[in-house]
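Visitor: Quick note on the working numbering: the sequence shown kicks off at 383 and runs consecutively.
Derived from the structure by calculation, the hints contain no laboratory data.
Do not rely on the hints blindly, as some may be mistaken.
Derived DSSO-like pairs: lysine-lysine, alpha-carbon spacing no greater than 30 Å straight-line [to be verified]: (1) K484 with K674; (2) K674 with K403; (3) K484 with K403; (4) K674 with K481; (5) K480 with K612; (6) K403 with K612; (7) K612 with K485.
DEER-style ranges, computed between Cβ atoms [unchecked claim]: (8) A581 with P549: 42 to 50 Å; (9) P549 with I395: 22 to 30 Å; (10) P549 with A392: 29 to 37 Å; (11) A502 with F697: 23 to 31 Å; (12) A608 with P549: 23 to 31 Å; (13) L504 with A392: 12 to 20 Å.
Cβ atoms here follow ideal geometry from the backbone N, Cα and C, with glycine treated the same way.
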Amino acid sequence: MLTAYAAVIAGLIILVWSADKFVIGAAASARRLGMSPLVVGLTIVAMGTSAPEMFVSAVASLDGAGNLAIGNALGSNITNIALVLGITALISPIPLQKKLLKKELPLLILISIIGGLTLADLELNMTDAIILFGSMAVALYLMFLDTSESGEAIVDEDEAAEIENTPMRIALFWLVAGLVALMFSSKLLVWGATEIARAYGVSDLIIGLTIVAIGTSLPELAASVASALKGHHDIAIGNVIGSNIFNLLTVMPIPGLLAVTVVDPLALYRDYAVMMALTLALLVLFLISYRKGYLGRFAGLFLTTSYAGYLASLFFMANS
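Could you build all of it, start to finish, from the sequences and the hints given here?
Guide: Here's what the structure looks like:
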């Protein structure tokens, strides 16, 4: 068992590190080949926040643990809303922008509904994967149009500078090294997680919802807390909403793309329902808080308490 725990911890550490290096390598390579900063930001850098989830889901699916992959996608979204945004709001009130209410949150709700419809028959297959990946292409196009019109920067200054200043040979090195490390760490993490699941007699889904989801959401938590402490609250909310969109449209379809996956009914009736309820609750909190102009500590307390309650319910159900 100690080996399995060590594999999970080491896998998560290498996964987070290698995802960052892979994204820098891929983005810098794309820039050296002439891709515009806007397109690089909307695709490679934006998807980079979900790179750990994508690789873990692919490895889990190939190892026959499709529900771990589904749990990873749904659990990461639950963690992002309830834990990441909750802790961020507790640290410092989050200013609300009109664009969040008019564009970004409605888009996330629509995508969450589409994701639920693909799970409704308790099966993820190639058709579902095509629907979700196709929706991702549409979402990227809409984001491209919106960002082009607003002229808004979607990559923070430090990251943009690193991408621009990385030579091609270094970029290619990190691209390849990051990719190899991502595959290795994903395999290590999935092996450790499934061994722990077997030892405690719990499902792969539960492990995906908890250990794996929390671990792969650590980059979002770190980035959001750091942004809040620096006063860049728009980055904190953007990280969460963007990551949740990518999780549903690029992480969740992976099991269906690789093989027909029978979905655990609890993933739909419990975990998807919780994710959808939290997404709608976030909309309500935004509407209530909009006149004040910020999402305050009460909202942060509500979200973090909701997450604690959700984890407690998972623990109770796993042991009942």
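Visitor: Hint numbers the structure violates, sorted upward?
Guide: Per hint list: 2, 3 and 13 violated.
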